[in-house]
Amino acid sequence: MHPDVEIVDAQPQADRRLLESLADWCDRYTPLVALDGSDGLFLDITGCAHLFGNEKRMLDDILSRLFHQGFDARAGLGASPGIAWAAARFLSPAIVPPGEEGETLAPLPLAALRIAPAVRAGLESVGLKTAGAIMAAPRAPLARRFGAALLTRLDQALDRAEEAITPRLPVPPLSVERHLAEPVVLADDIERLVGLLAASLRAELERRGEGAHVLQLALFRVDGAMQRLAVGAARPLRDPALIERLFRERLAAFEDRLDAGCGFELVRLSVLKAAPFALEQTDLAGASTAAGEDLALFTDRVRARLGETALLRPVLVESHRPERAAAFVAAEMPEGRDGRARPDNSAPDPAGTVDMADRPIRLFRHPEPVDVVAAEVPEGPPLRFRWRRAVHRVARAEGPERIAAEWWRDPQDMPTRDYFRVEDDDGRRYWLFRQGFYGAAETMPRWFVHGVFA
Amino acid sequence: MAKPAMARETVVALRRQIARIEGSLPERLAQAGGDDGLVLRHGPAARREPGFGTGFLPTGAASFDAALGAGLPPAALVEIHGRQTRDAGAVAGFALCLAALVRRSAPARPDNALCWIGTAEIFREAGLPYAPGLSRFCGLPAGALFLCAPNETGDALWIAEQAARQRAFAAVVLELRGNPARLDLTATRRLHRRAQEAGRSVFLIREAGTAEPTAAPVRIAVSPAPAARRSTVSGPVAASIGHPAFAVTVTKSRAAPAGRLVLEWNPDASSFCEIRPEDSGALVAASGHRPDSSAARGAVVALRPAVAAPAAPGQPSREQRPAHRRARRAR
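Residue numbers (the numbering used here), protein chains in the order written: chain A, 1 to 454; chain B, 1001 to 1331.
Worth double-checking, as some hints may not be accurate.
Which stretches of chain B does chain A cover? Using the computed rule of at least three CB atoms under 8 Å from a CB of chain A, they are [unchecked claim]: (1) 1151-1161; (2) 1217-1231; (3) 1236-1246.
Counterexamples of contact, computed for chain B against chain A with all Cβ distances above 12 Å [claimed, not checked]: (4) 1007; (5) 1014; (6) 1060; (7) 1105; (8) 1182; (9) 1184; (10) 1186; (11) 1193; (12) 1196; (13) 1212; (14) 1213; (15) 1253; (16) 1273.
Worth flagging that the hints you see were computed from the coordinates, not collected in a lab. The C-beta atom is built at its ideal place from N, Cα and C for all residues, glycine as well.
Can you build the whole structure from these sequences, using the hints too?
Following this line, the structure appears as structure tokens:
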């Protein structure tokens, strides 16, 4: 072997990532981009070519941009994915006009038909070496000997059978983009662009009677990298100012990760999810009557900046176990604009009416173990306990409140807890519990502090 | 001890005099004395409403109201300090009591929610809000609580500013630990402005933080206090833990000199009342068979001999003698 040859290990995963980033980049031509094996991309350009003048110009644009990014790309364009595949690999760059698939395909070798290597070897062994020979041969014996897949591939290439490509991403129902002669770098400029794009989205949303639930901003960098930022809205949005504000929070949170490089040359704002937008009557002073409006916008802003779980709400669960009785969930999206899903403050609290026992106002995520230095009687409250390296002398105690494990949920040997409400010398009130009983098992019962009272 | 108190008294008196000359004393308007009252007319019918429309929220404890001016200032930032992180239960509880007063004062509003913002650190150290306890303690239903636990102090401040301008929240509670650099005079001034603009209360809880310059008109230092005993028809129950109590010192206020108050929160009436030290259960013996904690009061020092007398032979020493046989002190 030649001594200057540089040997690099194959990295299929890195190749895959590169192909996916290329697919992202191809999003600028059409939203329907599919991966083809390990080295190809399908672009469904139906209805997109006119943006570039014609198909020829579009193909040249793709190839020249990829060339300048350092890729040696081949491309073919045809009425069916099969003929485009063959043209890209054997005739690149080529545009196959509709109706001429047969002539184009006939001189090409069998590899142009996307068939399994074993089938190809079998066909070659009987002297069928070009696609044209297959086309000329009778179909029934071919299908009997080499399987139906061969004829399916042939029909797909000749545009006789329908073939659907599987796009990587769902197609947004509505999107608006702007090609910039002068790339933008500053976050302020991007925000302003978002406002402008949202203003043009507004008319279309109004015409459809819809508002945007989820919006996505796609930023295409000059050097081919792209970034997507999505924001969700609790209520359907139309107002460009509000959309711009949401993206401002998102960009502020993204600031350190957003690498503008040499600038963004294409900015696209898509509505990923739209919902009916009910118009609302305001009073004569112009003030909105919806009280939940502000709250929904606040929720959106916090979530745009800090993530979906930034804003939590407690939900009560029917359970005896204190740590299970209240759980935190992300603040849900209110349904519609009529405020149906607003927090129901008037409903009686199940915990307040059924369970009158005192519960702490703060509960530790996990009960914290304490050393009980002295207990009065084995089953009674402690006299002193050490928690977080400080000794607390118990002045008064109430209890026990015995809370057993829930046998229908917990494992069999889950110990029973005796809860005590204790107050130390300084007046701090704690919720302690003893897990297990003295003398019931070999292991000594352990003490925990579970919460604090006011 | 006496001199600073006297000096402070003088300062307060002078400040009041200046304010009277300038005519800008809000608490003067709040204290409707004599004929200085407000008359409310509905058509021909007129009604005298003393103290109506001042906006200050009465807390239920007259001395606490006086220390705050005329009550809890509406639409303002209120700082609540705790000495240690382990006091967080009492300090947060006190803030929630004040928030409950604010919520109660506006029951007609449909969205009477409370937004509780804190860093993830403080919730890990001091515990997460527990909805079943909160509904009993300050009548806050689970549906009315919003919780934010960002990792960074800066994010917490940002959310607090956003929340403070929301009219949907009756009150915003921001809980921070120590003295973060981000929480400076400017940050408190911004919070105070937001609260003023939206007409909402913002409570800033500072766990284990030292007092710094702040734009909040009111700063309250809270520490836990022993609760009174549970009272029943047949008298207080021995060794029981009744309504929560707080030792409160108003360290910054435009109205009155600071003083230490012990306030008791009544969850059922959702109002405060002041408890005098002699009412407190902790200052009497908790129970007969435990060491007498009332023996530790200050008067003991004067009665104790300068040199500990050796015990007579055959007699138990002073320490060994049971508490109930100790000589009774003259009161």
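Now for the hints, and whether the structure bears them out:
1. 1151-1161: Answer holds; 3 residues pass the 8 Å Cβ test.
2. 1217-1231: holds (count 5)
3. 1236-1246: holds (count 6)
4. 1007: With a cut-off of 12 Å, residue 1007 of chain B remains clear of chain A, as the shortest Cβ separation is near 30 Å.
5. 1014: holds (36 Å)
6. 1060: Its Cβ never comes within 12 Å of chain A, the nearest being 16 Å, so this holds.
7. 1105: Label holds. Min Cβ-Cβ 15 Å, cutoff 12 Å.
8. 1182: The claim stands: residue 1182 of chain B keeps its Cβ more than 12 Å from every Cβ of chain A (closest is about 16 Å).
9. 1184: Holds: least Cβ distance 21 Å, greater than 12 Å.
10. 1186: holds (19 Å)
11. 1193: holds (18 Å)
12. 1196: Since the minimum Cβ distance to chain A is about 17 Å, residue 1196 of chain B lies beyond 12 Å and the statement holds.
13. 1212: Residue 1212 of chain B clear of chain A: closest Cβ-Cβ about 25 Å, beyond 12 Å.
14. 1213: Residue 1213 of chain B clear of chain A: closest Cβ-Cβ about 28 Å, beyond 12 Å.
15. 1253: holds (23 Å)
16. 1273: holds (15 Å)
Hint violations for this structure: none, all hints satisfied.
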